[in-house]
Every structure is written in structure tokens, then in C-alpha cells.
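Engineer: Residue numbers (the working numbering), protein chains in the order written: chain A, -5 to 232; chain B, -5 to 232.
The set of hints was computed from the structure by calculation and includes no laboratory data.
Some hints could be false.
Stated by the list, open to error - Residues from chain B shown here face chain A by an in silico Cβ test under 7 Å; the list is partial:
| # | residue |
| --- | --- |
| 1 | Leu16 |
| 2 | Ala69 |
| 3 | Ala70 |
| 4 | Ala183 |
Everything numeric in this text was worked out from a predicted model, so none of it was measured.
Glycine included, every Cβ here is placed at the ideal spot set by N, Cα and C.
Number of protein chains: 2
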Amino acid sequence: MSAPRLVGVLGGMGPLATLDFLQRLLEASGARRDQEHVPTVTWNVPQIPDRQLALAGGGADPLPAMLQGIERLNAAGASCIAIPCNTAHAWYEALSAHSRVPIFHIVDATVQALQAAPQPPHSAPRIGLIATRGALEQRLYQSRLEAAGLEYLVPTAQELDQFFMPGCYAIKAHDIASGGRLLALSAEALLARGATQLVLACTEVAIGLRHAAPELLALSVDPASALAQACLRHWKQG
Amino acid sequence: MSAPRLVGVLGGMGPLATLDFLQRLLEASGARRDQEHVPTVTWNVPQIPDRQLALAGGGADPLPAMLQGIERLNAAGASCIAIPCNTAHAWYEALSAHSRVPIFHIVDATVQALQAAPQPPHSAPRIGLIATRGALEQRLYQSRLEAAGLEYLVPTAQELDQFFMPGCYAIKAHDIASGGRLLALSAEALLARGATQLVLACTEVAIGLRHAAPELLALSVDPASALAQACLRHWKQG
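This is chain A alone, in the form it adopts within the complex (with noise of 0.2 Å):
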């Protein structure tokens, strides 16, 4: 007999992003009862170096942190881990080489949720891909949708400047309203240059638009939902 399954969850990157993403898996689970839900074990410890500042070449490594973290999940008996934080995932091949456990990678959940989406009946899907400066430079996203054969837009240098970074900062310090007006603006952006789907990748831009632009959400995959998914489909194998 295999161990039961539990689901490790490397969060802190933010510790609000983490909330939602366990909120998420939890009404994914459609449980009716305490028992019928996921169980996770959740590492919440946001005293990690920048991920954005360290990918720009400014900051401490964040790669130790991050391991210690893998270190205590695989050690509380995890059978899985999965990283709701789209920046992290630059560390994805150390971080699973470290882990005795598979770690799902965001962006194969969110090719798998995109494929299953409804497409527009005329004409060809365009995905605008709302992302960290250090996601995009790290090509994470675009490797991953050109190897699946997906057309795709990226925000301009001052749309990043002015309406994601400021946005994105201001939802880790819970100014949800302000950060969520700056994050739809992000958002808007794309779609006026033709996007007709939307991944919101970065975790704290679904947090945003849910208050902000809530109508959006439509347009959008997830990737923290498509990982929340995996995570469920991982639970429900066992």
C-alpha cells in the first residue's frame, strides 16, 4: 500500500497568492463534507529574496529559501508539490532535482487548460499573456505556447511600467482596488491589440481583476485554477 496522497504547496511567493490558490483548489474539490477535500500541506513562508529583483540580475538568490521549503514538504510527506507563483518557476529544474517528489509545472497545467477551452468560432485564438518582466524575459510562458503551436502577445515595456509592476506590487501590500484598476488597465491593453484569451500569469493579477474587472475573468485562463486542476486530479488518482 502507497502512502495517501497530500498535496505540498511551496507558497510565500506572495503569502496572499497562496491563500487564494489554496481557496481555489478548495472549490475545485466540490466536496460536500471536511473529508472530501484536498489535503495539503502549505509552506507559507514569504522571508525569500525578490524573485523579480533577482531574475533582473539586483538581488539576493532566492534559490536557498526555496529549497529549504521543498526540503519540509518532502519531509512532512508530501506526495506532490505544486508552486503557485509564476516568477518561481525560473527555478523549476533545481528545485525538482531537489525534490524526492514530482513538482507540477504551472505552465503544462495551463497548455492543458487552454487546449480544453472554447475557441472563437472565426478566426484564430491570439493569447495575451499577462506576465512579470522576469517571466517574460525568461521566455517560461512563450517556449511552452509555441512548442504547442499557440499564437500569442506579451504587454509593451510601459505597459509593464505603468499599469502591471505598480499593479502587481500593490495587491502584495492588499491595496486590492488600486492594484486591481492597474492590473484591468494591463489587461485592456491586449485585448485593444487584438488578444481574444487571456493568461493571467502572474498570481496576484487574477486577485485584481476578480474585484476590479470581474468580466475579464471570462476571457482568462488561470494558471493558478489550471493548477489547482492538476493538483485535484493528482488527489482524486490516489
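With the hints as your guide, set chain B onto chain A.
Structural biologist: Leaving out everything else, chain B in the frame of chain A:
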């Protein structure tokens, strides 16, 4: 140098109440960036036999599953443990004896918050205690309120059967609207019988009232919030 402080959370009772507690802890911290939030490790494994059934003498023993959670949280490096579930405190002594690190008692945290709350000017305060039948029969709150010289009243058997119990299970099944209405009726019955303050001594109650009767929250001390404050003090002293 001592190990860094890390708040362990024994959750799963229920999983939604656990997220609610984590959300409160996050809001209590007043953090302006990720790294200022309280670090937590949360065991949110709801595959634990029903605590209310067990206290009523009718179900499997939940203690072994709870002890496993305490072990894993100690193994993961927690420097203290909080249990955001009132009923689970019926097993507090056994859990404490099993833990290397201290477990905060939710009622001690609540008495501290009641003593700090503003009092009505012209009459002695009377506390309306909303709690599970099991917690009431265990005298979990009553013994400590009496020791602190605080007057209180509790729901009648009829109020428990008609309002509190179905309200509580509706919230667990994620039916916040129905659950909230039932739990508001339970609170209003205590106020009609002379209560001047409420103690929301079951983690589902505040979730329900916030939805259905937010005006009652101003009269209420919420043990989950009091427990979050105790965790925050622990972290700030580290």
C-alpha cells in the same frame, strides 16, 4: 542563535475555517511587502474523524490524525502551533503533551481579547457564547470565563438544533448564504435574551455572520482573530 520563528497551524477542522484563519493572520500583520508577513506552515488535512460526533460518543477517535498533524508540524520546524478550531481543543492536553513546541490555547487568547474590549457603560457585560454542543458540554469556554469572573449565557437546546448545527454544517459544505442566515438567527436569539457581547466560539460562525449580518461583528470577539493576534505577538517577539 535560536531557530527563526515559524507559526504552525493544525488545520483541516474544517478546511475553509483554516483558510479564514490564515487570511486573518495575514490581515493582522499590517505588512506592506511579502517579507513582512508572518511565516506559517499549515497542515490542512481534513481526513480526521468528526470531532462533534466523537465528543457525543458516536464516532471514531480523531486524536491519532490530530497527533500526526502535530508531529509533522514539529518536523517541519514550527516554533509554536495554533489550532483554528474550538472543538478540537477538547483534546488540547493530549496534543500539548505530544508537541515539542507550545500550542496556544484558543480560549486563553479569547479571554485576553474580552478583557481588552470596550465594555458597556451602564451595565455589567454579559457574554453570549455561540459554540458547538460538544464544546458547551466540555465546558471549554465556561470554565475559563468563570475563572476570569465574566458572566455569560449559552444557546438553548432548541437554538442549537434549529439554527446553530444546520448553519455550521452548511458553511462546511460551502453554502455560505444559507449557513450565514441560520448562524445570524442563533446570534440574535442570545442578544434577545440579554447578551451584550458575543463570543463566536466555533470557527464557522464568523464566516457566516460576515456574509449575513456584518453589523453583529462589532459586538463580537472572534476567538480565531484572538488566536491570530497571539500568533502575531509570538512572531514579533522572535
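Engineer: Each hint needs a verdict: does it hold in this structure or not?
Structural biologist: Outcome of the hint check:
1. Leu16: Constraint on leucine 16/B satisfied, holds at 6 Å.
2. Ala69: Constraint on alanine 69/B satisfied, holds at 5 Å.
3. Ala70: holds (5 Å)
4. Ala183: Check failed: Cβ of alanine 183/B comes no nearer than 26 Å to chain A, outside 7 Å.
When each numbered hint is compared with the structure, a violation occurs for hint 4 only.
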